[in-house]
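Trainee: So the chains spell out like this:
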Amino acid sequence: MRHLLGRVSARAGVWTTLAVLLVWSLAPIAVMVFTSFKKREDIFAVPVRLLPSSWTFENYSAVFTSSSMPRALLNSVIIGGLVAVATLLFCFSAGYALARFRFRSARPTALFILLGQVVPLTVVLLPVYQIVSSLKLLDTTTGVAFAHLAITVPLVTWMVRNQIAAIPYDLEEAVQIDGGSRFDAVSYVTLPVCAPGLAAAGMFAFLQSWHEFLFASVMATSTASRTAPVALTQFAGEFDVDWGATMAASVVLTLPIVILFMIMQRYFAAGLTGGAVKG
Amino acid sequence: MAMMPRTRAFLGVVVAAVLALAGTTAYNVVESGTRDNTVAWWVPDWDHKKAVELVKEFEQQHPEIVVDLVQTTGDTVANRTSVALDSGNAPDVITESLARVRSYVSKGQLASVSDLYGTDIPTADFAPGLIDSLTFDGSTYAVPYRWATNALIYNPRLFEAAGIDSPPRTWADFERDAKRLTKGNVVGTAWPMQGDPNDLTLRFLDFALSDGTKITNGSPRFTRQSAEAALHLIGGSIREGWAGKSSFELDNTGIRELFLQGRIAMYPAGVFDVDTAVDQGADVATALLPGPDGPGTAQGVGWGYIVPKASRHKEAAKQLVSFLAQPKNMAELTVTFPARTSASADAKFTTPQRRPYADQLARHSLPAPNNPQWTATVQAVHDKIQEVALGRITPAQGAVQIQKLAAR
Amino acid sequence: MTNTTTTAAVRRRQRNHPVLLLLPAAIVTAVLMAIPIVTTIVRVIADGGTGITRLFRLPDVGQVFLNTLYWTIGSVVGAIVIGYAGALVLQSKKLRLAGVWRSLLMIPWIIPGVVGATVWRWTLSTDYGILNQTLLDLGLIAEPVRWLSDPGIVLWAVALIQIWVTAPFVMLMVSAALTTIPAERYEAARLDGAGNLAVLRHIILPAIRPTTGICVLTLAIWALNSFTIIWVATSGGPAGASTILPILLYQAFQNGDQALVSAVALVQVFIGAVFAVFFVRTMRTDLEEQT
Chain X
0 MRHLLGRVSA RAGVWTTLAV LLVWSLAPIA VMVFTSFKKR EDIFAVPVRL
50 LPSSWTFENY SAVFTSSSMP RALLNSVIIG GLVAVATLLF CFSAGYALAR
100 FRFRSARPTA LFILLGQVVP LTVVLLPVYQ IVSSLKLLDT TTGVAFAHLA
150 ITVPLVTWMV RNQIAAIPYD LEEAVQIDGG SRFDAVSYVT LPVCAPGLAA
200 AGMFAFLQSW HEFLFASVMA TSTASRTAPV ALTQFAGEFD VDWGATMAAS
250 VVLTLPIVIL FMIMQRYFAA GLTGGAVKG
Chain G
0 MAMMPRTRAF LGVVVAAVLA LAGTTAYNVV ESGTRDNTVA WWVPDWDHKK
50 AVELVKEFEQ QHPEIVVDLV QTTGDTVANR TSVALDSGNA PDVITESLAR
100 VRSYVSKGQL ASVSDLYGTD IPTADFAPGL IDSLTFDGST YAVPYRWATN
150 ALIYNPRLFE AAGIDSPPRT WADFERDAKR LTKGNVVGTA WPMQGDPNDL
200 TLRFLDFALS DGTKITNGSP RFTRQSAEAA LHLIGGSIRE GWAGKSSFEL
250 DNTGIRELFL QGRIAMYPAG VFDVDTAVDQ GADVATALLP GPDGPGTAQG
300 VGWGYIVPKA SRHKEAAKQL VSFLAQPKNM AELTVTFPAR TSASADAKFT
350 TPQRRPYADQ LARHSLPAPN NPQWTATVQA VHDKIQEVAL GRITPAQGAV
400 QIQKLAAR
Chain V
0 MTNTTTTAAV RRRQRNHPVL LLLPAAIVTA VLMAIPIVTT IVRVIADGGT
50 GITRLFRLPD VGQVFLNTLY WTIGSVVGAI VIGYAGALVL QSKKLRLAGV
100 WRSLLMIPWI IPGVVGATVW RWTLSTDYGI LNQTLLDLGL IAEPVRWLSD
150 PGIVLWAVAL IQIWVTAPFV MLMVSAALTT IPAERYEAAR LDGAGNLAVL
200 RHIILPAIRP TTGICVLTLA IWALNSFTII WVATSGGPAG ASTILPILLY
250 QAFQNGDQAL VSAVALVQVF IGAVFAVFFV RTMRTDLEEQ T
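Residue numbers (numbering that gives the first Met the number 0), protein chains in the order written: chain X, 0 to 278; chain G, 0 to 407; chain V, 0 to 290.
Calculated directly from the structure, the hints in this document are not laboratory data. Owing to the predicted nature of the structure, the values given are computational and were not obtained by experimental measurement. Positions of the beta carbon are idealized from the N, C-alpha and C atoms, including for glycine. Where hints are given, some of them may not hold.
Stated by the list, open to error - Now the in silico label distances, taken between C-beta atoms and shown as ranges:
1) V:G48 x G:G128: 36 to 44 Å
2) G:K347 x V:L68: 51 to 59 Å
3) G:A281 x V:L199: 56 to 64 Å
4) G:A344 x V:T49: 33 to 41 Å
5) G:T37 x X:S133: 15 to 23 Å
6) V:Q257 x G:G128: 28 to 36 Å
7) V:G48 x X:V22: 26 to 34 Å
8) G:V51 x V:T52: 48 to 56 Å
9) V:L68 x G:A361: 47 to 55 Å
As the list claims (entries may be wrong) - Now the stretches of chain G that chain X is said to cover, found in silico as 3 or more residues with beta-carbon under 8 Å:
10) 75–81
11) 241–255
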C-alpha cells in the first residue's frame, strides 16, 4: 500500500513539474498567439486580458496582403537552406580532417575555428559588408547566406568533428582493405552513420540563420532579400508600432520552424551532442 | 582511383553546389556592371507606396533615367546607411533623417547639393534656420522634404472634469494642471523613456532651449539653470508622481495608447499622434508647448534626401532630388509637414488641431542639434535624465553633469 | 590519445596533412572572423590605447562590468537548473507522450530572439502586461511590479528572458546524455536501497558531468555576446541598469565611435577566448576518455 502511494505521489510530482515547465515555456507564446487575434483597442485595453474580447483576423490579413512578410518568409527559407547546405559542406570536410588526421597544427586550427564563436557580430559587420559588396552580392539571398556562414561554421565544425570522432576508424579501414578509396569509405560508412547528426547540425545552422537579425538587416537593403526577422520591423513605423500585426507576423514566423522541429526532434538531441558527451 | 556509384553521386552534388555558387557570384558581378543610368533610391517603408507613383511620373519626364526604388525599414535605415557609406558602396539617393547628415558630412561621405538651390528651390522657402543647419563650409548637403516639431496634446474632457478651462501656457501652469489632473488611474503627463533615446532627450532639450540654452555649431550649450529646470520638469515630475511612473517603459506608441484611453491627460508629441487620435474619434486638442513664461521653443526634426559622394550617377540623382523637392511632390510625401512653406497650403496641413503645430514650427522652432559629438552623448544625457527620475541625483546635480557631458 | 591505442589506424592518421579538407572552413573563418579580430587589435594598438583608456574612464563602466557578471552568472545558473528539471522529467518512465512535451518545451529556443524578447517585453509591461495583471488578480501583489523599469529588478527580469530562451538547449543536451546511462546502473542502485536523491547525486550527476561543463561554457559565451534580448526589452535602461558589454558596444557602433567599438570588442573577445580555451579543454579530455 505504501509502495503504491509512493508511486502515485512520484507520478504526481513528475506531472506537476511538467505542468509548471509547460506554463513557464508556453505562457508568453500564448500571449503572442492571443494578442495576434486582438483588435487594436483590445491590445491596449486596461486591465489587460489574455483572451481577445472579440476575435479578428485583421492582423493576419495585414501581414499577408500589405506587408513584405510572405516574400521575406520565402527569402528566409532560401537563405536558411543555402546556409545549411554550405555549412554542412564546409564543416563536414573540416570536421573530418580534425577528427581523422593527426597533424601538428590540429589544435591551433581547431581553436582558431572555435574562436570565431566568441567574436561580437557588430565588430565583424563592416568587414563582412565590404567582402559581400566586393563580391557584388549585396542585397541578394546568396550574400546574406554568405554572411551567415560566419555564425554557423565555428560551432557546427565542432559538432561534426565530435560525431565523426565517435565513429570507430576501423569501419572506414575495412572498406579500404576491400579495395575502396577513402572517398568510398566516407560515403558508404561515415556519412550514413552520422547522417542523423548531420541532419541535426544542418537544422542548427538553418535555425541560426532563421534567427539572425543584425547581418540580415544590413546586407539585405530591399525586399528582394529581406529576411523574416527584419520584415518584423516594418510594423514599427516612424511614430507607431503595430503590435497586432507584429504578433501575427511572429506567429507566422514561428509556426513553420516549430513544425520542422517536431518532425526532426528525434535526430536533434543525438546530433547536437554527437558522441562527445557519452558518460 | 576507382569510385563506387554513391561516391560519384555525392562528389557530383558537391561539385554542382560549388559551381552554382561561383556561377551566381560571377553573374552578379557581370550583371551589376551593365546597369548604367539607373538611380538607386533607398526609401523607408512608410514612403514607399507614394514613391512608386512619383517615380513613375519622374521617369515619364526623364525617359533616359531609370529609378531603382529600394524599400528599407525605418528601424534599420541608420545602421544600413552608415555601413553603406563607410564601405564606399552606396546607392545614389537616400531618404535619411536630417539629424544624421552632419555626421556623414564630417566623414566626407556626402556630395554637395548646393547647386540645386536657386530660383526653383529658394532657400528662403524652407523653415527658419533649416538650410543653414545642413550647410557646412558653404556647401549644403541635403534637401529636406519633411520637417516638424512637437507641440502639446491634451484631452479636453479630462481638463474640463478637473475644472481647467485652457491648456497650460507656462511651466508653472503645466505643473499645476498636471498635479490637478493626476487622479485615480489618470496621470497628468508621461515621458517616453523606453525606445529611441532621442525621443526623451528631444523633449528635455525643448525645455532647456526655451529657457536660455543655445545651439552653436550643431551642439547645445547648456545654461545650468535651464538644464536644471528641464530636469525638474521631466525627472522631478516622475519623482513627485504627476507624470506616470511607468514612463520608464513607455515609448511613443505606449504613451499615445494610454492617452487614447484617457489615462494620460497631456503630453508633448508630434502631429502623427494627433492624426491618430482624430481618426479614432478620441478627445483631443492641441496647443503650443509651454515655456518658462509664454510659448516654449521646439526643435524641428525631419527627413531629407542625400546623395552619397560614392554615387556613380550624381547628375541623374540630383535631377531626381530636384523633382522630389517640388512643392507638390513634397506635400505628397509627408505625413507631418512639408519642409517648404509654399507646400504647406494644402488643406491637409491646416486642420484646427494642426494649427498650433504650424504656429510652433513657423514662430517658435529651431533646428535640432546635429553635431556628431552631441549625438554621441545623447545616450549618456538620456541616462542622466533617468537617474533624476529615479531619485539617484537631484536636478541640480544632473544639470552640472549634463553640462559637463555636453562640453566634452 | 592514450598510449594503449597505438594502432595502425593511428599511424595512418598521422601521415596526411589535410589542407584541402580544412581549407573551406578555415577560409570562411579567416575571412569572416580572423581578419576582423586582427583589425580590431591593430586599431586598438594604432590609436595608442585611447579607446581602452576611454572605455575604463566611462563613468558607469564599473556598473557595466558588474552587470555583465551578474547577468552571465544568473542566466547560466537559471538555465542549468530549469534545463535539468526538464530533462529529468522527460526522462521519467511515468511520463507518456514525451516527444510531444519535448517539442513544446523547446519552442522558446527555436523562435527568433527578436520575437521572444518582444513577447516578454509585452508580458512584463507595467501597464499592458499580463503577468502583473495576473498577480494582481490573484492578490499576490498590491500594485504592479515594474519589472523592466525598477533598476533593482530589471537585470534579473532580462536574465529571466535569457533563461527562458536558453534552458531548452540545456534540456536537450542533458536529455541526450541521460539516455546513455545504462539501465542496470539504476537497478543496481535501487537494489542497494538508494533513494531518488541518492540516485541523482551518485549516478546521474557524475554521468552527465561533461555535458554540464559544455553547457555551462556554451551558455556563458552566449550570455557574454547576447545583445538582442536586452536591446529589445529595455535598450539597457533604466539609467544603464541593464547595460552589459554588448549593449555598450552596440551604442558605440550606432554613434560611429570606432575606437570605443574596438576597445569593447577586444575586452569581449578576450573574455570569450578564455572561455573558448576552457571549452576546448573540456571537449578534449572528454574525447580522450572515450577513445
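Trainee: Going back to the hint list, which numbers does this structure go against?
Mentor: Violated: hints 4, 7.
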